[in-house]
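Residue numbers (the UniProt record's numbering), protein chains in the order written: chain A, 1 to 452; chain B, 1 to 230.
Hint data in this document are derived by calculation from the structure and do not stem from the laboratory. From a predicted model like this one, the values you see are computed outputs, not experimental measurements. Keep in mind that a hint or two might mislead.
[As the list claims (entries may be wrong)] List time: in silico DSSO-like cross-link candidates among lysine-lysine, alpha-carbon distance up to 30 Å:
# : chain 1 : residue 1 : chain 2 : residue 2
1 : B       : Lys-121   : A       : Lys-87
2 : A       : Lys-238   : A       : Lys-184
3 : B       : Lys-121   : A       : Lys-38
4 : A       : Lys-196   : A       : Lys-352
5 : A       : Lys-238   : A       : Lys-38
6 : A       : Lys-272   : A       : Lys-445
7 : A       : Lys-230   : A       : Lys-176
8 : B       : Lys-121   : A       : Lys-196
9 : A       : Lys-40    : A       : Lys-83
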Amino acid sequence: MLRRALRLGLGRGLLGRGLGTWRGDSTLDWDGKVSDIKKKIQSVLPGGAWNPLYDTSHLPPEHSDVVIVGGGVLGLSVAYWLKRLEKRRGAIQVLVVERDYTYSQASTGLSVGGIRQQFSLPENIQLSLFSVDFLRNINEYLAVVDDPPLDLQFNPSGYLLLASEKGAAIMENNVKVQRQEGAKVCLMSPEQLRNKFPWINTEGVALASYGFISSSNRMETASGEEVTLKRIHEVHVKMDRSLEYQPVECAIVINAAGAWSGQIAELAGIGKGPPGTLQGTKLPVEPRKRYVYLWHCPQGPGLETPFVIDSSGAYFRREGLGNNYLGSCSPTEEEEPDPGNLEVDHGFFQDKVWPHLAQRVPAFETLKVRSAWAGYYDYNTFDQNGVVGPHPLVVNMYFATGFSGHGLQQAPAVGRAVAEMVLEGSFQTIDLNPFLFSRFYLGEKVQEHNII
Amino acid sequence: MAAPKASLHLVAPIWKGGPRGIRGLSRTVAPEGNQRKGRTVLQFLADRFYDVQALREYLLRKQVSKVHQKNRFQGQEWMRPNGRGRFSLEFFKFQAVPVEAVDASGCAINYQGLDNLLALKELQSLSLQRCPHVDDWCLSRLYQLAGSLQELSLAGCPQVSERGLACLHHLQNLRRLDISDLPAVSNPGLTQILVEEMLPNCNVLGADWAQGLKLGPEEQSQDTARSIPA
């Protein structure tokens, strides 16, 4: 190493490149070389991951404070907030494990990508409000020095929810809750709806709620049988396409594996016990397949189209300048497709989605489907809301999963909440105690009504 | 309402004679290549010392949420800053008079700074030309002025894209909208058409719809000697 540095020094002097490299661009790539040297020194010193017998640089380290299973938006959000909220720089070592680096089946990349505040639970509304704030100020959080600022290509057009007679009372109630939490929502009658969006057919619509995307600064901000507590000591991380694995000793494991969180929980022994007891309560998150279709409609609604959610469950939004629309509909319980693969059923669009779309927006009778894909919801079969926080028996496993289709929207806020739970021991800014695991055992449903 | 061609430097400098490096702090929001060396040293210091980081953030916030206005009150002329960049104290006599027009061209107004403007419920004319921090999110807040706003100019704002323009459909009283020279809009001609469809009562100035069109192959060979008419 010393010899190499000397050679560099001599080379510079001989060729007379000295003056030119002191300012402006250096052809020697000092930053890369310095970081390489630092890495080598760190690996040799005690505490580093240097193995004198064979090269282990491609394996994860042997020790890590926190291991996050799952590298989707929730896992990465928890990792980001853990590093951001740690008390001293470099205090916590975080390892994020993701089995598919192409993210081909990850729900994050396949989602329709909307963020709304029209939920029925106050906690969900708070989560969305903070996430909107985060996205708006994303350069304050995620900008890297010397890189161009991030451009989210975010469309702040808002959401429009339509309700029929049956749902009108629930919608009014929800709007009241949303307004209390600080979301900007307005209720519209069918005539107002027709005036604002002339392309809607308001037959059957009793009430509509239109949410503006804006953010609010106001945040607000618990038998004598024997119980066995378990602790996870090691996570075996298996490398891709090989038999090698690295046992990573860790203090805390965070389950952010999305649609596969149920399987990860079973690996930790959650749910192995007589049913009806806490040991026997499984994590009720399973993958559910959902389709998304992209179509083109030349006479369709214009630039002002918000994300429209019809009372029948069909939804769509505009994409880009070229009159393309993205949308779909959630199948009912009986029609749930088999989640074994991500094949798209085009018949579903013809039979279940198109009729509702054409009924609500007459211009959609002449549309042409351009492409379609399918993705997984990490569906919480208990109450379709997220699971956040530690497990009562496996004391060092924390959950950040089960958001059933609105994980992407709430990821920044949930990441912060889990990081606070890990670092401080309780939720500091948004109180997510209703979302703890224990509700599955106690049978307390925290039902979210506005799920699409 | 013509905004002056040369933008008056309305933002007062924060440090009168301070080191040049501190002025450059506010430019961390939009980093430029030639600021690299100075900024990495500051970034290094800010990473190591909480005081430097707090100072930086405070200065940035101060810089970014100052709004200097040139106002016109009902029936009166424009009130401008005098030669030294200060407003005359006559201002205070007009506190009860509603503000009709605001010219904030070139100001460093951002999302939070808009709070001041959105409180003006009788605002008829708003000019946000060449404001570097006005982006799509700011436009999504303008719906609160829908009742009175008749004239809006967004010319030359570097961060406004067609997604922000989509939020303007709430402003149904708008009669004049200027969306020329928006570098972040991907297809100015098509956007102009879509915005015109969205706001039927509004006169939309800006990109010419023929701007994005290319000549067909037979016309192109004729035009090699001439410049393409805009």
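Find the hints from earlier in the document that the structure breaks and name them by number, from lowest to highest.
When the structure is compared with the hints, numbers 1, 2, 3 and 7 turn out to be violated.
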